[in-house]
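Chemist: These protein sequence lines map, in sequence, to chains A and B.
Following the numbering used here, the residues of the first sequence are numbered contiguously, the last one being 114.
Following the numbering used here, the residues of the second sequence are numbered contiguously, the last one being 115.
Don't take every hint at face value.
If you want the ones that stay clear, here's a sample from chain A, every Cβ over 10 Å from chain B, calculated [to be verified]: (1) A17; (2) L18; (3) K68; (4) S70; (5) S73.
Facing chain B, from chain A, some residues (calculated, C-beta under 8 Å) [stated by the list, open to error]: (6) G43; (7) H82; (8) F90.
When the alpha-carbon atoms are kept at most 16 Å apart in a straight line, the in silico EDC-like pairs for lysine to aspartate or glutamate are as follows [to be verified]: (9) B:K96 / B:E52; (10) A:K113 / A:D85; (11) A:K101 / B:D102; (12) B:K13 / B:E54; (13) B:K13 / B:D85; (14) A:K101 / B:E54.
Please keep in mind that the hints were generated in silico from the structure rather than gathered at the bench.
Note that CB positions come from ideal geometry on N, CA and C, so glycine has one too.
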Amino acid sequence: AQSVTQLGSHVSVSEGALVLLRCNYSSSVPPYLFWYVQYPNQGLQLLLKYTSAATLVKGINGFEAEFKKSETSFHLTKPSAHMSDAAEYFCAVTPNTGGFKTIFGAGTRLFVKA
Amino acid sequence: ETGVTQSPTHLIKTRGQQVTLRCSSQSGHNTVSWYQQALGQGPQFIFQYYREEENGRGNFPPRFSGLQFPNYSSELNVNALELDDSALYLCASSSKREASTDTQYFGPGTRLTVL
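Go ahead and model the full structure; you've got the sequences and the hints to work with.
Modeler: Given below as structure tokens:
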């Protein structure tokens with residue numbers, strides 16, 4: 001069965017610092033991987049997705065993620081944090097065997113300090 | 001292009017009651033998925049509808065049911081409400097049956113509180 005683990009329920013960085021949000025997946029075959037952002041009282045917005053093309057995926061708002069099969073990881077990074085990045089971030093997987101069910105991690109709350 | 005909309009925004013019910021939540025999918029999308037997001041947790045897949053038929057279901061009891069209409073809008077019905085049903089219910093639409101790679105567009109959600 002597939003699963004997603006996000007390390008750290010809360011991450012705090014200073015404005016301008018590197019953002020690193022960790023995500024590891026468990027799957028017998030590499031799934032499709034996603035990062036979503038959720039601002040307070042809003043739905044989820046797709047940041048980026050990996051669909052077995054390039055392993056380094058660039059998304060919106062300066063975020064990117066690298067798929068590492070050997071580490072079963074898909075960590076999200078941004079070189080320089082902005083106050084507006086403060087939000088909840090979710091890593092998610094869906095099977096690449098024609099499935100439909102998206103499995104989300106528990107989320108990581110990002111705090112950005114001035 | 002109209003995005004995904006959900007109604008109502010907030011809802012308060014008591015245990016044992018029934019509730020219906022509504023979702024209008026994004027223009028051109030024929031697939032709708034419903035998720036339950038409890039406080040402090042990630043969304044949990046409830047079920048998906050494709051062209052008015054249930055296309056898959058997560059680990060939710062039968063008292064969670066749904067419908068999709070010819071215009072691809074959808075309803076989520078929950079019978080015999082329990083306290084643990086209190087959550088944010090999210091609807092997401094996409095344009096393919098197998099949404100593995102297709103982007104899901106999420107609505108703002110309906111916050112359900114069961115007292």
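Chemist: Per the stated criterion, does the least C-beta distance between A17 of chain A and chain B lie above 10 Å, as a non-interface residue requires?
Modeler: A17 of chain A clear of chain B: closest Cβ-Cβ about 25 Å, beyond 10 Å.
Chemist: So, H82 of chain A near chain B? Judge it on the closest CB pair being under 8 Å.
Modeler: Interface hint status for H82 of chain A: violated (22 Å vs cutoff 8 Å).
Chemist: Taking 16 Å as the top limit, are the C-alpha atoms of K113 of chain A and D85 of chain A close enough?
Modeler: Holds - the C-alpha atoms of D85 of chain A and K113 of chain A are around 11 Å apart, at most 16 Å.
Chemist: Does the no-contact call for L18 of chain A survive, Cβ to all of chain B over 10 Å?
Modeler: holds, 24 Å
Chemist: F90 of chain A was flagged as interface toward chain B. Is the shortest Cβ-Cβ separation under 8 Å?
Modeler: Holds, about 5 Å.
Chemist: The hint names G43 of chain A as touching chain B; please verify it with the least Cβ-Cβ distance against 8 Å.
Modeler: holds, 4 Å
Chemist: Does the no-contact call for S70 of chain A survive, Cβ to all of chain B over 10 Å?
Modeler: Holds, since 23 Å exceeds 10 Å.
Chemist: Verify the proposed pairing of K96 of chain B with E52 of chain B, using a straight-line Cα cut of 16 Å.
Modeler: Judged against 16 Å, a Cα distance of about 13 Å means the pair holds.
Chemist: Just to be careful, I want the Cα atoms of K13 of chain B and D85 of chain B compared with a cutoff of 16 Å; is the pair within it?
Modeler: Distance of about 10 Å is within 16 Å: holds.
Chemist: Given the hint that K101 of chain A pairs with D102 of chain B, does the C-alpha gap stay at or below 16 Å?
Modeler: holds, 12 Å
Chemist: Check the non-interface label on S73 of chain A: least C-beta distance to chain B beyond 10 Å or not.
Modeler: holds, 17 Å
Chemist: Is the straight-line distance between the alpha-carbon of K13 of chain B and that of E54 of chain B 16 Å or less?
Modeler: violated, 26 Å
Of the numbered hints stated above, those contradicted by the structure are hints 7, 12, listed in ascending order.
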